[in-house]
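Chemist: Sequence:
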Amino acid sequence: MKVPAAVRWAIAEMVLGSNPAVHLYASGYAFAHVAYVLGTEDQKQMAKLMVDRHWGATMQLTEPDAGSDVGAGRSKAVQQADGTWHITGTKRYITSGDADFYENVMHFVLARREGGGPGTKGLSLFLIPKFMFDLKTGDLGKRNGVFVTSLESKMGLNVSATCEVNLGEKEPAVGYLLGEVHQGIAQMFKIIEFARMMVGTKAIATLAAGYQQALSYAKTRIQGGDMKVMNDKASPRVTIINHPDVRRSLMVQKSYSEGMRALMLYTASIQDQIELAKVAGDEEKAKLMEALNDLLLPVVKGYGSEKSWTLLGTESLQTFGGAGFTQDWPIEQYVRDAKIDTLYEGTTAIQGLDFFFRKVVKDGGKALGLLGKEIKTFAESGGAHAQEKEALLKALDDLNGMVGVLVGHAMASQEDAPEIYKVGLSTSRVLMAVGDIITTWLLLRQADIAAERIGTASAKDKDFYAGKIASAQFFVANYLPHIAADRKIVEGADNSIMEISESAF
Numbered sequence: 001m002k003v004p005a006a007v008r009w010a011i012a013e014m015v016l017g018s019n020p021a022v023h024l025y026a027s028g029y030a031f032a033h034v035a036y037v038l039g040t041e042d043q044k045q046m047a048k049l050m051v052d053r054h055w056g057a058t059m060q061l062t063e064p065d066a067g068s069d070v071g072a073g074r075s076k077a078v079q080q081a082d083g084t085w086h087i088t089g090t091k092r093y094i095t096s097g098d099a100d101f102y103e104n105v106m107h108f109v110l111a112r113r114e115g116g117g118p119g120t121k122g123l124s125l126f127l128i129p130k131f132m133f134d135l136k137t138g139d140l141g142k143r144n145g146v147f148v149t150s151l152e153s154k155m156g157l158n159v160s161a162t163c164e165v166n167l168g169e170k171e172p173a174v175g176y177l178l179g180e181v182h183q184g185i186a187q188m189f190k191i192i193e194f195a196r197m198m199v200g201t202k203a204i205a206t207l208a209a210g211y212q213q214a215l216s217y218a219k220t221r222i223q224g225g226d227m228k229v230m231n232d233k234a235s236p237r238v239t240i241i242n243h244p245d246v247r248r249s250l251m252v253q254k255s256y257s258e259g260m261r262a263l264m265l266y267t268a269s270i271q272d273q274i275e276l277a278k279v280a281g282d283e284e285k286a287k288l289m290e291a292l293n294d295l296l297l298p299v300v301k302g303y304g305s306e307k308s309w310t311l312l313g314t315e316s317l318q319t320f321g322g323a324g325f326t327q328d329w330p331i332e333q334y335v336r337d338a339k340i341d342t343l344y345e346g347t348t349a350i351q352g353l354d355f356f357f358r359k360v361v362k363d364g365g366k367a368l369g370l371l372g373k374e375i376k377t378f379a380e381s382g383g384a385h386a387q388e389k390e391a392l393l394k395a396l397d398d399l400n401g402m403v404g405v406l407v408g409h410a411m412a413s414q415e416d417a418p419e420i421y422k423v424g425l426s427t428s429r430v431l432m433a434v435g436d437i438i439t440t441w442l443l444l445r446q447a448d449i450a451a452e453r454i455g456t457a458s459a460k461d462k463d464f465y466a467g468k469i470a471s472a473q474f475f476v477a478n479y480l481p482h483i484a485a486d487r488k489i490v491e492g493a494d495n496s497i498m499e500i501s502e503s504a505f
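All residue numbers for the sequence shown refer to the working numbering, where the first residue is 1 and numbers rise by one.
Simulated from the structure, these hints should not be mistaken for lab results.
Using N, Cα and C, we set each Cβ at its ideal position, and we do this for glycine too.
Wrong hints could be hidden among the right ones.
[Unchecked claim] Simulated DEER-style distance windows between Cβ atoms:
id	residue 1	residue 2	range
1	Gly404	Lys462	53 to 61 angstroms
2	Leu135	Ser381	38 to 46 angstroms
3	Arg53	Met14	22 to 30 angstroms
4	Ala477	Glu283	40 to 48 angstroms
5	Glu390	Gly224	23 to 31 angstroms
6	Arg453	Ala10	29 to 37 angstroms
7	Ser269	Gly404	23 to 31 angstroms
8	Lys462	Ser216	18 to 26 angstroms
9	Pro244	Asn400	30 to 38 angstroms
Full structure from sequences and hints, please.
Modeler: The following block contains the structure:
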C-alpha cells in the first residue's frame, strides 16, 4: 500500500531535521518511481531492482558551463547498434554522487544526442548504472565508465559527498534512454519536483531544529536582570527568555517554523488529493490539484529555504550571542548546512521566475485563483480572530495587485522588450509575499482550532494552544503589513538600475 504523501513528508521532515544526508542518500526510491512510470518494460524492471536492492541514485544536470542555464549542457550521447547509448561529458556539483554503502548507483543523466538541437529541447534523459548488471537477478557485472573524479570542498553539508563526475573518458559510459529523445527536461522535472519538495522540507526542518536549540538555550542561560527593574543593580539575574527582544526573536522563529511546516504539509496533502482524484477517475480534479501542487512547490522550496536560512543566522544563532559562533553548539552548523537550500535545485531567483512565468502566467492564473479563493473563504468565515482575518484579506488584495502589475509588464514587453526587466526585478519579492500570506492563513487556521479548544484543555495543552494563538497574532502584526509595502515597491518599479553601465556597480 502506498504511503500517503502527507505521512511521507512528515517523516521526511524529522529525518531531514536530524541528519539531512541520510535522506539525501536514501532517495533512490523516488528516482526509481520516475523510471518505473516513464520507462520501458526493461526499465521498469531496473526500477524494481533499484528498490529491492537499495541502490542509490543521482540526478546529473549541472556542468562546468551549464548551471541554471541547463540548456547549455555539452554532454553528448551516441546511439549504439544494440540500442544502448554511450555518453561522454563532465557533470559538476552532483549531490551524493557515489557511496560505498550501496552495491550499485543509477545515475539519471541529461545529455544531448548526436545531432540534437540547442537548448533544453535538445536534451534527453539517460539511465547510467555504476556497474552493469543482470536485468533478471540484479547481479553485478563489469564497472561502467562513470567515475567520480573529485569532491567539492564546501561551506557545509559535508557529510553529503558533492562530486564532479566524468562520463566515458576511458571506458564507455553505457546508458539507456528513458522514454523518447528530446524529452529529457520534462522527464527530469519529475525528479526535480521531488527534489524541490525535499530541499524546502530540509530547510524548514533545519529552522525547526535551530529554534529548538535557541529556545532551550534561552530558558537556561542566565544573564542580566529583568528590564522592568533595569535601574536596580541588585535585582535577581534572570534567564534570557525574560528579555523582550529575545522573546521577539523566539516568536519569529516559532511562527515561521510552525507556519512553514504547515505549508509543507498542506502541499503534501494536495499531492494526496491528486492520487485520490486519479483513483476516483476524476481527471479534471486531478489536473487542477496538479496545477495547485505545481504552484506551491516553488513556494515550499524558494520561500521555505530563503526564510529558514536567513532566520537561522539572524535569529536562531543570535539567541546564543557569541556562543553561537563557536562549534560548542550545533547552530553554526545549521547555518552552514542550510545555505545550500537557497541554491541547489534552482536558486531563489529561479524559483521566483518559475512561480510567475510557469505557474501563474502559463497556467492562466487558475491555480493561484483557486488558492486565493480558499484563503478568502477562510478569511470571510467569521469566528475568532476577526481583526487578523481582515488583515489577511487586505494582504490577499495587495498580492493580487502585485501579480496584476507584473502581468501588465509581461504583456507590455511584447511591444517594448525592456518592460520584462520590471518583472524580473519583482518576482522574488512576489514569491516571498505569497509565502507570507499562505503562512498567515495556515497559522490562523491553527489559531482558530486552538481558540475552540483552549477553554476545556488541560494545563499543559492550554500552553500549547496559547502558543498557537500567540504565534498567529504575532505573525499578522509583524509580517503581514510588509505586503502593502511590497505592493508599493512593485507598482513603482522602473528600469533605472538596468540602464546604468556595469562600471557603475
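Chemist: Compare the structure with each hint and give your call.
Modeler: Against the structure, the hints come out as follows:
Hint check: Gly404 to Lys462, Cβ distance near 44 angstroms, so the stated range 53 to 61 angstroms is violated. For Leu135 and Ser381, the hinted distance range of 38 to 46 angstroms is not satisfied, since their beta carbons lie about 56 angstroms from each other. At about 26 angstroms, the CB distance of Arg53 to Met14 agrees with the hint of 22 to 30 angstroms. Here the CB-CB span from Ala477 to Glu283 is close to 43 angstroms, well matched to the stated 40 to 48 angstroms.
Against the hinted window of 23 to 31 angstroms, the Cβ-Cβ separation of Glu390 and Gly224 comes to about 39 angstroms, which falls outside the hint. Checked against the hint of 29 to 37 angstroms, the pair Arg453 and Ala10 fails, with Cβ atoms roughly 21 angstroms apart. For the pair Ser269 and Gly404, the beta carbons lie near 29 angstroms from each other, so the given range of 23 to 31 angstroms is met. Against the hinted window of 18 to 26 angstroms, the Cβ-Cβ separation of Lys462 and Ser216 comes to about 21 angstroms, which satisfies the hint.
With their beta carbons about 36 angstroms apart, Pro244 and Asn400 fall inside the hinted range of 30 to 38 angstroms.
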